[in-house]
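Asks: So you can see what is in the structure, the chains are spelled out below.
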Amino acid sequence: MQPTGLGLLSLIVFTPLMGALLLMLIPKEQEKLHRYAALGVSVLTFAFSLMLLKEFNGQTFHFQMEEFIPWIKPLGIHYHLGMDGISYWLVLLTTFLTAISIWFSFYVSKRVKLYFICLLILETAMLGVFVSLDMILFYTFFEASLVPMWLLIGIWGGERRTYAGTKFFIYTFAGSIFMLIGIIALANLYGQATNGPISFSIVDIQAAVANGSLWAKAMTLQPWIFWSFAIAFLVKCPAFPFHTWLPDAHVEAPTAGSIILAGVLLKMGTYGFLRFCLPLFPDTIASQVPIIMTLAVIGIIYGAIVAAVQPDWKKLVAYSSVAHMGFVLLGIFSLTHTGLLGGSLQQLNHGISTGALFLLIGLVYERRHTRMFKNFGGLKAQMPIYSAIFLIVMLSSVGLPGTNGFIGEFMAMMGAFEAAYAGAYGLNLGFIVVAGFGVVLAAVYLLYMFQQVFYGKNDNPDNRRLKDIKPWEMAMCGLLLVFVFWGGLYPKTFLQPMEASIGAVRMMAINPVGQRPAWNEKGQEIDADMNLVADGVVIAPAKLHFPLKPPVEENQPEVQVKARFSQDQVIARR
Amino acid sequence: MDASYGLVWLIIGLPVAGFLIQALIGKRLIGNGSGKRLAGALAVLPIASAFGVAVALTMELAKLAPGTREVVVPGFDWIKIAGLNIPFEARVDPLTMMMTLIITGIGALIHLYATGYMSEEKDYSRFFTYLNLFIAAMLILVLGNNLVLMFIGWEGVGLCSYLLIGFWYKDLANAKAANKAFIVNRIGDWGLTLGMFLLFVVLAANADKLGSHEGRFLSYDVILPNIAGILKTMPGVTTAIALLLFVGACGKSAQFPLYLWLPDAMAGPTPVSALIHAATMVTAGVFMLNRLYVIFEMSPVASAIIACIGAFTALFAALVAFGQTDIKKVLAYSTVSQLGFMFIACGVGAYWVGMFHVTTHAFFKALLFLGSGAVIHAMAHNQDMRNYGNLRKYLPITFITMMIGYLAIAGFPMLAGFYSKEAILGYALANNHASIDGMNFSHIVGWVGLGVAFLTAFYMTRMTWLTFFGGQERWKLIPAHAEEHHDDHAHADHDHAHHEDHGPDTHKFFFTDEEMDAQPHEHEHHHALDETHKPHEVPFSMWFPLVILAILSLGGGWVLSNNHLLEEWLYPEGSMSLALTEHPHALPGGLSLMAYSLIAAFGGILVGAFFYWKGLPKKEGWDEANWSPFRRSAKDQFGYDGAMMSAAVQGGGDIGLAMWQGADAGVVDGAVNGVGRLSGFLGGLMGKLQSGFVRQYAMIMLVGVVGLLAAVSYGIYKVGKQPPAVPAVIQEGRPILGASAGGQH
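Chains as they are written, first to last, in this note's numbering: chain U, 1359 to 1932; chain S, 79 to 823.
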């Protein structure tokens, strides 16, 4: 690929880092200046990312705004950025939530300078993850996000912050070590397959996967390398049984850390599945689906049940994340168009809803310095506006139709149902019937949470003096509420830019050699019906829905007779 | 499409506007309480205007020829992806307009009533916020042109029900009742969602047979004409879809085993009980069965199950009603029982009769609930019938209107309930649609229904006599039994002394002492029900709706059944594929169904009057539960509610705790921490290696360097192995060892 200059994506990714450098120059006594400078930088980043709305073309599945600068040529490692429909909204979500978190962080008064530097570096790392097209670059950003988050938990966290921070760091780091091995293996396989230089470019590797050459001689390695990636992403998601770092990290993290952790960091896991696991391992993915789906379903039920008995407000929401991310996995690994889109949308919705929940909890925590349910009750009369906002966000987390939470969950389940009913990928209806019950349980733990805090009598004298939240806090919540309703009432805005990319990734995962799209085949496109076309000719039809299993077997006359008997009663009146 | 059908958006939009007004500026309108009339008017007007629009639209629709009365009004794209299109569309047809008229008409009356009933409430605007939102959601439920829009409304009304049951949230019991309602409904929604998915899968797989559908697989105008042809070869799938959808109906329409939430829902204000938990929301299940009747009539097995569950629920709830002393609880069980009747009708295939009973029930049950509200209002918010008696002397209008409602539900000839119940029993006894393996369940549920009709007359007589007749004015004779179901407005006792110390309040999070003192002290002037109490009649805004509903309960049944008006409106000739008989030919004993019905109605009334002619017997401590074990077990629903709740709450809590503290902290996380300790141990071993001997360090370094070199040289070896590719790459002017598309050409 031709070297290009730096472009919009680099601007978005590195603005926060530049801001962090700027903050380093400001003397640490100037806390107020630090706050406003950090907010300014994050808002600027958000403004830059808004330019994507204009630049981005949702009709194509190819990477756009690509930037390529040779870096370590002998090893095939380059500075290669690009964006498609999968990363598009995640970048916007990141810049948006970071700005919100920094705004909220005006409450932080301990080591302000370092705090904001950490947040800004974290933003760069997260953005880098979503736009890197070089696997080493991706890995660098992926791991780079750990350090500032670890510091955030470890310095500004609660009582058990050291334990939680260390656990978070080591756990996710251990998971991603496997991915590094997988990355190196893939690059070498690429070298072997093409009989040329190794390459860490995901575009190159995917092209070799699409034409079948990459795995031709290494089919036995495929599941192993798949799992080396999958483990890293499952830990990040987190899926059962790799979730135990999450509640600790969430509970101990400062509010902004929790918002970013739930809102963005977890999405790195599901993003990884969409970016690596689906396109690169088409020959093994079908046989791994039942395993991951099982983990997803267990996560949905298990997270919900454990959430329902938590005495700690934040921990409850943390466990609810396990359940919600289970729905994301459920949708993605249904490998249906509806499910994949639903799962991808659920990522965004979870970022908004759960981010907002942590924000709201943070508002009360700043006031009361406790998160235990036993210290609350009857806040509805005390803080009516706060409780109304909390109610709406809680309902969006419940997945009430009309809010954003519903659309993603519904589509994910619908896709999973379709695959399960058709018996595809070794699934059966048990998966979706059980997963569907997770929606009931979501109501159980979230309504219970609401009841504990807001209903009943306001008996705690410490709460009697609470004022309602301030106007600027309402504005902050209001920004999130906009997306709660926007996502629920007009999800087309969010679905449309993703659709072509998701359609292509699905085909990369399930189609046989010769019908797989490739990111670097510029002649190929995905049309509105999700067919793969090249130069106006359909190469591979979309096959969005499964055909039904043949109805009743011919060799069962008794059933036939009974069926006809019942039909006899259905006589037309005329 | 005629432009005037666009008015349908106005029907939905008006309540939404009302909701926004109440939510955003309601509090400001009310001010210090003087603006309540204005706020109330702004709550009633949108609903009343929506009713006006609905009437106009219905007239418009009636001009079309029967069988062609079906208009889809396009809105905007909602969920639209390849292979699935769920647009925001409205559907105007006889069924939706009928429901719309009930919702807006009865809704407007109940809103009017509520302006009086809630006039002393502090959170006046919050109440009407929820109530207007409910109407909007309910209208989306019926007017939406696809199942997912219906689901928006379905869960939306559930939400409003949750909010309104928990309206007086300071009492935790109310909050728990609200949670129970939402969660039990969610169990139903789980079935409904699965049914929807199954329907979608079946239709999507047959997309080529659907004509022009544009992926709108869940829209009624795609489902209804095509589904019969597609499901013809799949009786098992048909039954599965029907039963899954019915699970949803069981939740919303409070059928056994999911009826549990409805009696508890009486914790909400009485207008809510009338509107949501009697007249409209709980009939959504019956509406859905009518909406998708094509599927249900294709499955005799599902129909039989529906009819049986309806009959069992009707019987069960009627028996439980005998054990209740709370007037609203009696009405709640009576609602559950009547809903059972509606499902009997749908189960035996007489879908229009189900809707007929929905309508008449909406009239007389709303009337009874509002009447009971008037009684409760007059009795200082005491709901216990053991404290009532002889109230006809004090509340003449309430008494007369409630008598009409009571006679209507009891099946007194010529009143609304008589016609619809008669039709249900007639269709049940005369047909055999609800059969499994040739076993005709229709007939069985018909006889059960007749028995329940007798019980209905009996327990309603009990309620009426205990309230209005009997000569005992028992609030003077015995102390109040029941707790008062009213907001208790805990006095904010301002204890200045105790205040957790977190340093100075730099962010101004808390009220200062002065601000606390400046706040208005809430003092509820609540007068208890004691012997000095003198009940008096309710104001105009409350009795006017009673009178209207009484008129409807008097004449509604006759008007709708006369000349097959409703049947022809909903199901014009040729729309049903079932051939049903209207009246049973021969019943045992040579009597006609009419005779049996009259026996049931008058028998129930007479037996009830005999038992409660003089009110309650004093010697049993005024408590029937003391003289009959049946009453005792009926009072707590024969133990069913208790068992379910303790299993769910206690059992669920135990499982959750076990999973959290046992599995999660012990096993899953224990493994993680174990690994951590192991590495700590290994680290300790490694620490011993740090002996300080330079030679040892050098050795380790050497090993490391050799390893690294090996790895790097392997990489270089691989790189060096591909000279043939180089010229091609150079030709294209790319970097020599460029990463891109090396051997792809």
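These are calculated hints, taken from the structure and not from any lab test. Possibly wrong hints are sitting among the right ones.
[Claimed, not checked] Restricting the straight-line Cα-Cα distance to at most 20 Å, the calculated cross-link-like pairs of lysine to aspartate or glutamate (EDC-like) are:
hint: 1; chain 1: U; residue 1: K1825; chain 2: S; residue 2: E292
hint: 2; chain 1: S; residue 1: K248; chain 2: U; residue 2: E1501
hint: 3; chain 1: U; residue 1: K1732; chain 2: S; residue 2: D591
hint: 4; chain 1: S; residue 1: K586; chain 2: U; residue 2: D1820
[What the hints assert, rightly or not] Chain S stretches covered by chain U per the calculated footprint, using a threshold of three residues with CB under 8 Å from any CB of chain U:
hint: 5; segment: 156 to 162
hint: 6; segment: 260 to 274
hint: 7; segment: 324 to 336
hint: 8; segment: 495 to 502
hint: 9; segment: 524 to 531
hint: 10; segment: 582 to 592
[Stated by the list, open to error] Reference excerpt, derived from the structure (chain S facing chain U, CB under 7 Å, subset only):
hint: 11; residue: E233
hint: 12; residue: K248
hint: 13; residue: A253
hint: 14; residue: N257
hint: 15; residue: I629
hint: 16; residue: L632
Backbone N, C-alpha and C define an ideal beta-carbon position, used for all residues, glycine too.
Asks: Find the hints from earlier in the document that the structure breaks and name them by number, from lowest to highest.
Replies: As far as the earlier hints go, 1, 2, 3, 7, 8, 9, 15, 16 are violated by this structure, in ascending order.
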